[in-house]
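Undergrad: These protein sequences, in sequence, are chains A and B. Residue numbers for the first sequence follow the UniProt record's numbering, so the first one is 1 and each next one is one higher. Residue numbers for the second sequence follow the UniProt record's numbering, so the first one is 1 and each next one is one higher.
Treat each hint with caution, since some may be false.
Covered stretches of chain B, as calculated for chain A (at least 3 residues, CB under 8 Å) [stated by the list, open to error]:
| # | region |
| --- | --- |
| 1 | 19-30 |
| 2 | 34-47 |
| 3 | 145-157 |
| 4 | 176-185 |
| 5 | 202-216 |
| 6 | 365-375 |
List time: in silico DSSO-like cross-link candidates among lysine-lysine, alpha-carbon distance up to 27 Å [claimed, not checked]:
| # | chain 1 | residue 1 | chain 2 | residue 2 |
| --- | --- | --- | --- | --- |
| 7 | A | Lys281 | A | Lys323 |
| 8 | B | Lys281 | A | Lys145 |
| 9 | A | Lys118 | B | Lys377 |
| 10 | B | Lys246 | A | Lys145 |
| 11 | B | Lys246 | A | Lys200 |
| 12 | B | Lys377 | B | Lys246 |
| 13 | B | Lys238 | A | Lys145 |
| 14 | B | Lys246 | B | Lys324 |
| 15 | A | Lys200 | B | Lys267 |
| 16 | A | Lys109 | A | Lys145 |
| 17 | A | Lys199 | B | Lys238 |
| 18 | A | Lys199 | B | Lys267 |
| 19 | B | Lys98 | B | Lys141 |
| 20 | A | Lys200 | B | Lys238 |
| 21 | B | Lys238 | B | Lys262 |
| 22 | B | Lys222 | B | Lys267 |
| 23 | B | Lys238 | A | Lys269 |
| 24 | A | Lys199 | B | Lys196 |
| 25 | A | Lys42 | B | Lys141 |
| 26 | B | Lys281 | B | Lys377 |
| 27 | A | Lys281 | A | Lys269 |
| 28 | B | Lys147 | A | Lys42 |
| 29 | B | Lys308 | A | Lys145 |
| 30 | A | Lys269 | B | Lys308 |
| 31 | A | Lys269 | B | Lys377 |
| 32 | B | Lys98 | A | Lys42 |
| 33 | A | Lys155 | A | Lys109 |
| 34 | A | Lys269 | B | Lys246 |
| 35 | B | Lys98 | B | Lys52 |
Per label pair, the in silico range of CB-to-CB distance [unchecked claim]:
| # | chain 1 | residue 1 | chain 2 | residue 2 | range |
| --- | --- | --- | --- | --- | --- |
| 36 | A | Arg428 | B | Thr219 | 51 to 57 Å |
| 37 | B | Asn55 | A | Ser16 | 58 to 64 Å |
| 38 | B | Leu41 | A | Trp231 | 21 to 27 Å |
| 39 | B | Ile21 | A | Arg83 | 53 to 59 Å |
| 40 | B | Leu27 | A | Arg201 | 42 to 48 Å |
What the hints contain is simulated information worked out from the structure, not anything from laboratory work. In this text, a Cβ means the ideal position worked out from N, Cα and C, and glycines have one as well.
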Amino acid sequence: MDERDIWDWTGVFFESTIFIYGLVLLLVYALLAILSFYAIRKYTQSASLSDQHHDLLASPLAPGITVLAPAYNEGLTIIQNVRSLMTLNYPEFEVIIVNDGSADDTLEKLVEEFDLIKVDFAYNIRIITQPVRGLYKSTNPAYSKLLIIDKVNGKSKADAVNAGINAAAYDYFVCTDVDCILHTDTLLELIKPVLQEPKKRMIAVGATLRLANSCEFDEGVMVRMRPPQQWLPRFQEVEYIRSFVLGKMGWSRINSVPNVSGGLGLFDKEIAIRAGGYDSKSFGEDMELMFRMCRFSKDNGINYAIRYIPKTLCWTEGPASIKIFKRQRTRWAKGLAQLMYAHFSMFLRPRYGRMGMVVLPYNFFFELLAPIIEAVGVVFYVLMAIFGVINWPFALLLLVFVYTYAIMITTLAIVWDQLAFRYYRTWREVGQLCIMPFFEFLLYHPMIVVFSLVGYWDFLTGKKGAWGNMQRQGFGGVKK
Amino acid sequence: MVEWLLPYYKDIGGLPVVVQIALVFILLAICFTLLAYFSILRGRYRGYVRAKRQNRLNPIIDGLIVEHIVMNEALNKAKAAEHESVAMHFQLPELEPKWARQLLIDRIIDFRKNIRGTVGEALRTLYLDLELDRDTQRKLKSGSWNKKVQALNEYVSMGVPVADVTLLPLTNSRNRELRSAARHAYIKLSRNEPFKFFDVVSDNLLMWDQVELFRIITTTEKIVIPNFARWITYSTNKSVVSFCLKLVVHFNQTAAIPAIIKLLGTKDHYLRADAISALGKLEVNEVEHDLVEMYNNQPLNCQIEILKALGRLKGKAHLDFVKKEFLHASDFEVRKNAARAIVNMYPSGSPVVEELLVSATEENQLILRHCMNPLIKH
Numbered sequence: 001m002d003e004r005d006i007w008d009w010t011g012v013f014f015e016s017t018i019f020i021y022g023l024v025l026l027l028v029y030a031l032l033a034i035l036s037f038y039a040i041r042k043y044t045q046s047a048s049l050s051d052q053h054h055d056l057l058a059s060p061l062a063p064g065i066t067v068l069a070p071a072y073n074e075g076l077t078i079i080q081n082v083r084s085l086m087t088l089n090y091p092e093f094e095v096i097i098v099n100d101g102s103a104d105d106t107l108e109k110l111v112e113e114f115d116l117i118k119v120d121f122a123y124n125i126r127i128i129t130q131p132v133r134g135l136y137k138s139t140n141p142a143y144s145k146l147l148i149i150d151k152v153n154g155k156s157k158a159d160a161v162n163a164g165i166n167a168a169a170y171d172y173f174v175c176t177d178v179d180c181i182l183h184t185d186t187l188l189e190l191i192k193p194v195l196q197e198p199k200k201r202m203i204a205v206g207a208t209l210r211l212a213n214s215c216e217f218d219e220g221v222m223v224r225m226r227p228p229q230q231w232l233p234r235f236q237e238v239e240y241i242r243s244f245v246l247g248k249m250g251w252s253r254i255n256s257v258p259n260v261s262g263g264l265g266l267f268d269k270e271i272a273i274r275a276g277g278y279d280s281k282s283f284g285e286d287m288e289l290m291f292r293m294c295r296f297s298k299d300n301g302i303n304y305a306i307r308y309i310p311k312t313l314c315w316t317e318g319p320a321s322i323k324i325f326k327r328q329r330t331r332w333a334k335g336l337a338q339l340m341y342a343h344f345s346m347f348l349r350p351r352y353g354r355m356g357m358v359v360l361p362y363n364f365f366f367e368l369l370a371p372i373i374e375a376v377g378v379v380f381y382v383l384m385a386i387f388g389v390i391n392w393p394f395a396l397l398l399l400v401f402v403y404t405y406a407i408m409i410t411t412l413a414i415v416w417d418q419l420a421f422r423y424y425r426t427w428r429e430v431g432q433l434c435i436m437p438f439f440e441f442l443l444y445h446p447m448i449v450v451f452s453l454v455g456y457w458d459f460l461t462g463k464k465g466a467w468g469n470m471q472r473q474g475f476g477g478v479k480k
Numbered sequence: 001m002v003e004w005l006l007p008y009y010k011d012i013g014g015l016p017v018v019v020q021i022a023l024v025f026i027l028l029a030i031c032f033t034l035l036a037y038f039s040i041l042r043g044r045y046r047g048y049v050r051a052k053r054q055n056r057l058n059p060i061i062d063g064l065i066v067e068h069i070v071m072n073e074a075l076n077k078a079k080a081a082e083h084e085s086v087a088m089h090f091q092l093p094e095l096e097p098k099w100a101r102q103l104l105i106d107r108i109i110d111f112r113k114n115i116r117g118t119v120g121e122a123l124r125t126l127y128l129d130l131e132l133d134r135d136t137q138r139k140l141k142s143g144s145w146n147k148k149v150q151a152l153n154e155y156v157s158m159g160v161p162v163a164d165v166t167l168l169p170l171t172n173s174r175n176r177e178l179r180s181a182a183r184h185a186y187i188k189l190s191r192n193e194p195f196k197f198f199d200v201v202s203d204n205l206l207m208w209d210q211v212e213l214f215r216i217i218t219t220t221e222k223i224v225i226p227n228f229a230r231w232i233t234y235s236t237n238k239s240v241v242s243f244c245l246k247l248v249v250h251f252n253q254t255a256a257i258p259a260i261i262k263l264l265g266t267k268d269h270y271l272r273a274d275a276i277s278a279l280g281k282l283e284v285n286e287v288e289h290d291l292v293e294m295y296n297n298q299p300l301n302c303q304i305e306i307l308k309a310l311g312r313l314k315g316k317a318h319l320d321f322v323k324k325e326f327l328h329a330s331d332f333e334v335r336k337n338a339a340r341a342i343v344n345m346y347p348s349g350s351p352v353v354e355e356l357l358v359s360a361t362e363e364n365q366l367i368l369r370h371c372m373n374p375l376i377k378h
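One chain only, chain A, in its complex shape:
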């Protein structure tokens, strides 16, 4: 075989492999679209039939839930955010705010506003964290649900949440960020799949998140939803819709949810503790915990389930500048690489059920490897163009194929969302979302690929990353 044959053979092999890879990915997306359609339809049919919240809200049988929100240097917005968490509708819950060694006046503001005093609290260290300096309860009965933990900074959200889990009184905990705005019925919605599960042990439930950037809030309550006016957050909104409404709802249908978002998720406390709690060294601590909880359940013969609900229950402020967006996405990519490295022993092992046979392979091939394959593809394309061996009509046709398919999948996600919930009031707002898929492929997606590669590089070179400040603007008063 001469040198030219080897290059030809390599080229054909590469092209065929990439084509098959791409085709499988597109078929997976098609499958997810179908599965998510049925999952959303079932949810909306069930939700429309009766006033189910009313029953639960007044029931002494409702299981208690602990709401955990770590806070680091949130002095500017902490009071309003805590008040927002205290207004949740649920018969039995507590709110634990973990002040993770803030350097600002977060703790002082909380103490003053909520009449807090330091109490002798039997804090059971079931997960090791940085030392707790004190626990505070309010002398005002109106805030009896509130507990504040003041601890030494653990340099991660995970460490703070673990401290909260140690102090949690109830069997289920909801983990959120203190700067997220939750729907008032969040707890009622999240506990429902737990109570409705007939056979399996529900270890986690997630719900859809959206961007708060252009929404209106009044006293920490969302009063008007709008797609973000700036393009970068609006791209993220469309990405969130695709990821949650189409992706996670589809995976939920076959009990293969890979991750319950750190912004909002309900977890089985016992399983979370026995699995070791959040990993404070991980950059993707939410997904890492999920993997460990699944692994623990499988190792101990627990028939578990993880569910997602399509309703938006949480709004978070998305990065509006490329600099902050890059920081966020490199961290996510680094977290994914870390996770795959740590849990690769489950890869294609039937013992780990769907986690080993579906979730991990999918995330390895189509989440972790995708940016690398895309980058290699681009380099290959350029080289072929330089050597003049590209069949341009066919190449352009294949590009049109990928482009139209990507638009279709994202548009379907928007349709599923629109058919189930009429979140946006005007036609114009829906139109603003609908045009994004046409530009996402060309403007937004390349950024994600580059930032992911930077994240992988940071992981491989062991570059230490710190928790970046999102420089949020907060939701004070009615924001327009």
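Got chain A; can you put chain B on it based on the hints?
TA: Leaving out everything else, chain B in the frame of chain A:
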């Protein structure tokens, strides 16, 4: 590119497989995307029309209900003929279409949820006089489970009886929502024995079912509450037994206590823990000794329930036992529940608590102070 492809139209098979597949996918993607946009337009248009109809008709319906029923003082003394004349006011051309009748049903139900007594009865009479129950009946006969559920919810809201023979099969339906709605309807509407389905229920009562049933059972007026000991003793369905224990506690059915005591010997430790908890809540002092006797052979969840029960029973005869658990148990939760039991038995400031606050280990002292603090609930 298109010109270049034109010759291939005559012979698609001549194109490379990759391109053939790509062409098919492009075509599909364009079609689905267009269909998706059409669905969004259609969905929003239908929502717009629905909202417009509601905005137009709801004030008319509300006005009629308020004028002729809510504010109609004569209805209190009215006879049947008067009620019929009320129905006449609702026989308007705009309320004739099927969707308008559904709107009318929904509004009547909304009013009836908030208003009981004579007005509530008048709303029910209106529903029947306008023959809206026929619409509901049609939905109940529909093949679609969600229509059936809607019909059952309407019957329950309006208090219209449904034959047991229609409801009972649905209480074991494979569809969770339908099964649940049928059970509620059965309890609410059955004229014979509203709890009969406890005898025939074959699957587990989910926690969600229990929440809904609990609300129905505890809020329905004119319902004869049976002695739940019957199911605690004879039911083979553990979820029914567990649910009945909660009902016994709620209704404070002391007659069921012997049946619960028998449950202390059950092999299922979850059920045993429920029974221990129920005995504590019912303050059955005579089981105190038995609970202490069985303590050492129990799994953790039952041990914790025993300590909670002893705290509720406030029986000081076993203080030494609880103190021993508090001072020497290795499990944190056991010590915490023992401390809470001691605090329940002896209010703060009592010599026992004072002694423990001095003699116990630092961690145990902290646990005790935690349990004594009225600001800390758990």
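Undergrad: Is the Cα-Cα distance between Lys98 (chain B) and Lys42 (chain A) 27 Å or less?
TA: 25 Å, holds
Undergrad: Is Lys98 (chain B) within 27 Å of Lys52 (chain B), Cα to Cα?
TA: Within the cut-off at roughly 16 Å; holds.
Undergrad: Do the Cβ positions of Leu27 (chain B) and Arg201 (chain A) conform to the proposed distance bound of 42 to 48 Å?
TA: Cβ of Leu27 (chain B) to Cβ of Arg201 (chain A): about 45 Å, so the range 42 to 48 Å holds.
Undergrad: Next pair to validate is Lys200 (chain A) with Lys238 (chain B); report whether the Cα-Cα distance is within 27 Å.
TA: Given pair Lys200 (chain A), Lys238 (chain B) holds - Cα atoms ~17 Å apart, limit 27 Å.
Undergrad: Check the hint pairing Lys155 (chain A) with Lys109 (chain A) against an upper bound of 27 Å on the C-alpha distance.
TA: Distance of about 22 Å is within 27 Å: holds.
Undergrad: Take a quick look at whether Lys109 (chain A) and Lys145 (chain A) sit within 27 Å of each other, Cα to Cα.
TA: 18 Å, holds
Undergrad: Keeping to a limit of 27 Å between CA atoms, is the pair of Lys222 (chain B) and Lys267 (chain B) held or broken?
TA: Violated - the C-alpha atoms of Lys267 (chain B) and Lys222 (chain B) are around 37 Å apart, more than 27 Å.
Undergrad: Under the criterion that the straight-line Cα-Cα distance not exceed 27 Å, is the pair Lys269 (chain A), Lys377 (chain B) satisfied?
TA: Within the cut-off at roughly 19 Å; holds.
Undergrad: Given the hint of 51 to 57 Å, check if Arg428 (chain A) and Thr219 (chain B) actually sit that far apart at their C-beta atoms.
TA: Cβ of Arg428 (chain A) to Cβ of Thr219 (chain B): about 45 Å, so the range 51 to 57 Å is violated.
Undergrad: Check whether the Cα positions of Lys246 (chain B) and Lys200 (chain A) lie no farther apart than 27 Å.
TA: This hinted pair holds, its Cα atoms lying about 23 Å apart.
Undergrad: Are Lys200 (chain A) and Lys267 (chain B) close enough, with their CA atoms no more than 27 Å apart?
TA: With a Cα-Cα distance of about 22 Å, the restraint between Lys200 (chain A) and Lys267 (chain B) holds, given a limit of 27 Å.
Undergrad: Check the hint pairing Lys42 (chain A) with Lys141 (chain B) against an upper bound of 27 Å on the C-alpha distance.
TA: Between Lys42 (chain A) and Lys141 (chain B) the Cα gap is close to 21 Å, so the pair holds against 27 Å.
Checked against the numbered hints above, the structure violates hints 13, 14, 22 and 36; every other hint is satisfied.
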